[in-house]
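Got chain A; can you put chain B on it based on the hints?
Taken in sequence, the protein lines are chains A and B.
Take the position in the first sequence, starting the count at 1, then add 1186; the result is the number in our numbering.
Take the position in the second sequence, starting the count at 1, then add 12; the result is the number in our numbering.
The reader is advised that the hints may include incorrect statements.
[Claimed, not checked] Under the rule of at most 27 Å between Cα atoms (straight-line distance), these lysine-lysine pairs were calculated in the DSSO-like manner:
hint : chain 1 : residue 1 : chain 2 : residue 2
1    : A       : 1248      : B       : 23
2    : B       : 106       : B       : 174
3    : B       : 174       : A       : 1227
4    : B       : 90        : B       : 15
5    : B       : 138       : A       : 1227
Hints were generated in silico from the structure; no laboratory data involved.
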Amino acid sequence: MSLFNWFRPRPTAPAARERLQILLAHERAVGGGSDLIATLKEEILAVIAKHFPLERDKVTVKLDRGDAFSTLEIDIEVPTMNRGQGATRMALRG
Amino acid sequence: MSKVLVVTSGKGGVGKTTSTAALGAALAQLGKTVVVVDFDVGLRNLDLVMGAERRVVFDLINVIQGDAKLPQALIRDKRIEGLSLLPASQTRDKDALSAEGVARVIAELREKFDWVICDSPAGIEKGATLAMHHADAAVVVTNPEVSSVRDSDRIIGMLDSKTAKAERGERIEKHLLLTRYDAARAARGEMLKVEDVLEILSIPLLGIIPESEEVLRASNVGSPVTLNAPQSNPGRAYFDAAKRLNGETVAMATPGEKRGLLGKLFGRRVA
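Chain A extracted, bound-state conformation (with noise of 0.2 Å):
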């Protein structure tokens, strides 16, 4: 042990090592990831396209990775029917 041990910061290794390993499982598992985000997102646009006048970047789609499970969410704003009254949002998460 060296003497200047107490004052060193802790390992962060074990952190990089952890968070790649939960990552890389999750991102082969969708196999190549932001593809599946990135069709979802073209297909949700085109539905809500035909009923609302619809801007592409309203339109988010987040896949949140955790432990157990992951969540999706989508968050589509469109603009209000009365004008100038600015915009409603729908979420959904599941």
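Then chain B, alone, in the frame of chain A:
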């Protein structure tokens, strides 16, 4: 028998070009005929690292588009017998690379050289996929750092699905080259260990290249580290990796830190 090797990583700045030059120069010094091919169209740098930047006349794109014959574009290394460079174009972009053109050039190179080493651009776009497409084997260059490991994992997935070998249902040989490794920091738990990266990526280890001042020193003067400082720690590590590529069995030495008395006393490097 000729072998096409792609040096790839996903992430930029991890040492693909340095490793291509060092492995190419080492294999040539071991008596093989080698061509190193720069696939980073628009951002070529292999010519600079190899010290041939003033000798570029024609490039890969010229050959693909039929403006020059392959022998006209190949630059023979003046220092090492059997080593040649096929530079990338600096003025064009990656769209000038065509799948058929690349296939034709690689086939022609296979006839002339024992080793065709393709230096992939960073990223997962066209340039990177074309660089890996015809490879028999891949060297995945990885730093012991989270973003590099993640990108390597992605690239390994692409090697297994997007290469010609994968499309034929064959397995592409994959090798991990861990670069910029600092054994002392890993021992202190400040850096991912070799075993950590191996366990996460689960591909066989080709070599461990220690973080070293010699690497920058070599690129400063346009000489691969295996030529400029063959006896240095990174020079020896690259030579060992080259021998393993050749099928030799070389014991894996973790490049150790030489610590003096003060270093041992304080448990850290005294720079």
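Hints and how they fare:
1. 1248(A) with 23(B): 24 Å, holds
2. 106(B) with 174(B): At roughly 18 Å apart (the allowed maximum being 27 Å), residue 174(B) and residue 106(B) satisfy the hint.
3. 174(B) with 1227(A): Holds: residue 174(B) and residue 1227(A) sit about 25 Å apart, inside 27 Å.
4. 90(B) with 15(B): Holds, at roughly 23 Å.
5. 138(B) with 1227(A): Measuring from Cα to Cα gives roughly 24 Å; hence the hint holds.
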